[in-house]
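Student: Next come the chains, spelled out residue by residue.
Number of protein chains: 2
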Amino acid sequence: MTVESPLPLYDVPTARKTILRRPPWDEAVEQPAVRRAVAAVFGPDVSPWEAVRRIVQDVRRRGDEALRHWTERLDRVPVASFRVPQAALQEALNTLDPALRRVLEAAADRIRAFHQAQPLHAWLTQALGGSLGHLLRPLERVGVYVPGGSAPLPSTVLMTVIPAKVAGVERVIVVTPPNRGYADREVPVDPALLAAAALAGADEVYTVGGAQAIAALAYGTESIPKVDKIVGPGNIFVTMAKKLVYGDVGIDGLAGPTETLIVADGSANPEWVAADLLAQAEHDPLAAAILLSPDLAFIQRVQQAVAQQLPRRARAEVIRLSLQHRGGAVHTRDLEEALDLANAYAPEHLALAVADPWRWLPKVRHAGCVFLGEHSFEVLGDYLAGPNHVLPTGGSARYASGLHVGSFMRWIGLVALDPETARDLAPLAAAFAQAETLEAHAAAAEARMERSGQSAVGSPR
Amino acid sequence: MTVESPLPLYDVPTARKTILRRPPWDEAVEQPAVRRAVAAVFGPDVSPWEAVRRIVQDVRRRGDEALRHWTERLDRVPVASFRVPQAALQEALNTLDPALRRVLEAAADRIRAFHQAQPLHAWLTQALGGSLGHLLRPLERVGVYVPGGSAPLPSTVLMTVIPAKVAGVERVIVVTPPNRGYADREVPVDPALLAAAALAGADEVYTVGGAQAIAALAYGTESIPKVDKIVGPGNIFVTMAKKLVYGDVGIDGLAGPTETLIVADGSANPEWVAADLLAQAEHDPLAAAILLSPDLAFIQRVQQAVAQQLPRRARAEVIRLSLQHRGGAVHTRDLEEALDLANAYAPEHLALAVADPWRWLPKVRHAGCVFLGEHSFEVLGDYLAGPNHVLPTGGSARYASGLHVGSFMRWIGLVALDPETARDLAPLAAAFAQAETLEAHAAAAEARMERSGQSAVGSPR
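In the order they appear, the protein sequences are chains D and A.
Positions 1 to 461 (our numbering) are the ones given, in order, by the first sequence.
Positions 462 to 922 (our numbering) are the ones given, in order, by the second sequence.
It should be emphasised that the hints constitute simulated quantities derived from the structure, not laboratory data.
Keep in mind the model is a prediction, meaning the values are calculated, not measured.
By construction, the Cβ of each residue, glycine as well, lies at the ideal position given by its N, Cα and C atoms.
Don't take every hint at face value.
[What the hints assert, rightly or not] Among chain D residues calculated to face chain A with C-beta under 10 Å, some are:
{"#": "1", "residue": "G43"}
{"#": "2", "residue": "V46"}
{"#": "3", "residue": "S47"}
{"#": "4", "residue": "E50"}
{"#": "5", "residue": "P152"}
{"#": "6", "residue": "Q309"}
{"#": "7", "residue": "G386"}
{"#": "8", "residue": "A426"}
{"#": "9", "residue": "A429"}
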């Protein structure tokens, strides 16, 4: 018996074909809303990819002039100067509601402490003759994209800028679109976002968004510096631009709609699970909030709780659309099957609301972040548990990690062989090179065989 | 006074504008040879990007049928079955020249030992209430692209497959184009390459190459499994295909021509430095072999040695083209300036052939792999020093690392707060959510404030 609920119930085979199916990452490009937005600016014959390509190329060629053009055309907010005066950040922090300031500070402190605790270090081994290992070096310049518009997210500023600064990045450059809601201010940006930038230690902030901001960070303009890597979430146009510029600059990944998968047994609190599903669904009609449980009676209690809570939610309409098209409850044979489905789906967020979550943890293979037990609910992770909330979506958790200090560093191989080892290895390298018909490689190795010991260079210490 | 030499001499301002300039990563797409190759198959009106897009889409839609079509059309080697029988790998190893086998084994042992030594571990901290940290999980399926054709590289098999297996990847799937030189064999692949696959522990090998192989790995066909990430170098078509499929699958980066930058002072052996430059240049007319030195007399000795050695090299013509267009010696003010130029260039390989290389190491910020002292010459790194030879090119060392065990793993965030901490943080999360106008997020946090302590779920241990 299925309870009438905004949270649809699926059996496993149906779920696999619908809500648990992974479409191609760029399916969103084909949404009618995206096509319409492109047509309104470029006419009906220009594809979304072509539109983004034109914006990126224009900024690359014309710099600030193009940046100004596209900002006026697409954001429709006049921006006197892209650069936000550094003093405006501190002032936004100083004039922020003190209660909110304390919240931002507490979040910043926990996020910083967590990222500082990750044990990533340069290393050397002496076991192979001389010293071999990896240097670990921070990136020099990082660009952070922070979405603006109707829902600016100061939490994203903390989650991107803080780990970059913990890693030792010299220049962390935040870009965020000018916000129509603050168009009358000198700096048309949500003050909480500026305050978060001050707290996190952003070195520069610019009011520019969309594909044009990504192009500016990738290639530099008169007013915006070229960076080494661009991180942070954005809408589909931002994401397409990131894919286009990748190679000339690093990127953290291709963000898609957010997803939560909750694996629960009958021991979980159905009202909490319902509340967590609604929280996830309110982000976006394309967001996915999915419950997997072997306990049908429990699922029904969650469905009832969803039905009761939904009308009280401010963003009920978004939630309804999300649950109807992307969300649902899946009745699994057992927890084992639920975990198998979770691994195949590779969710951005995976919550284990089960009696003994640590017991199930070894089965978790693919997820962005895992929440153990229903006290560790996702909303805490969104803001201030500590781990990063910029996480792989769309199934990319199968190959990518969320942001962490390592996202802002590089492992540089280090080869410092002692002369004896080098002499021993030279004939092997020469033989290998001959097998690959790289004769000059062989000759470089043979030169060391003839002449070893005659170098004026001391052995590396 | 400049010595007549195949290694041109540059001053710093000229070098910055020529050999040390970083062109866009995809400049190679516009090479006449690439255009001609595309025109020969698709006609004169199809761009290289469009050609690669068509191949990828075709394989995605038609699977093996398309794979067979493009293999016949582009590789022109009949392939009865893409899958190489697993027994053929072991047989190739068993029948390999014993001396070469010992070389491959020695290389495999050192590469394995180095990658096993990298200290990457899951971690937890209890300092923030409960347990927070990262799981570290291997990828499940990895595809390795190994170039074939005129210069098959067994060393690349070792450098890609071994770290993947060390990381714990379950299925490592090697693809390599069918090789015309072995078209009469049952398996048209260089036996040394198959032997290396056996030694490295490859789980499957397929004789398919080019953009069609990348598409097969990204989307799967009847005979080739879809993977989670594709790694390994390839030609420009392979690289373009990797960029196209990125997002539906992970990639290691966009490989370009190989580069070595040698920083040397007067203490270095000019003949060794010359031999190392020639080894680098023999890869490809587009390869870059560059010397930076403040010692003009030393540069002249290297130029003389290059002139003397070059005629003796088997690939002299390739070397000559490379040195003429991409390589050279740059006379710097001092070693400091040489290191600054090296960091700005961010070379794939950086060799410090100076009297006290460890002293200069802290100045190294951007490189794929650094070689300390001229005993640690790059050819050893190519084959068996231990660190990986699949390294970032084209300046991408500013944001990317070479392959390492971490390239085959993901950090999964872990949140297991204790109930007291969760209760303390819930009001802060609620306030933060309200500031972001995410009311359902606030409600999920508030639910814990009302009901904390009533959950049937035990606290995570």
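Student: Any hints from earlier that this structure breaks? Give me their numbers in increasing order, please.
Tutor: Violated hints (numbers, rising): 1, 2, 3, 4; every other hint is consistent with the structure.
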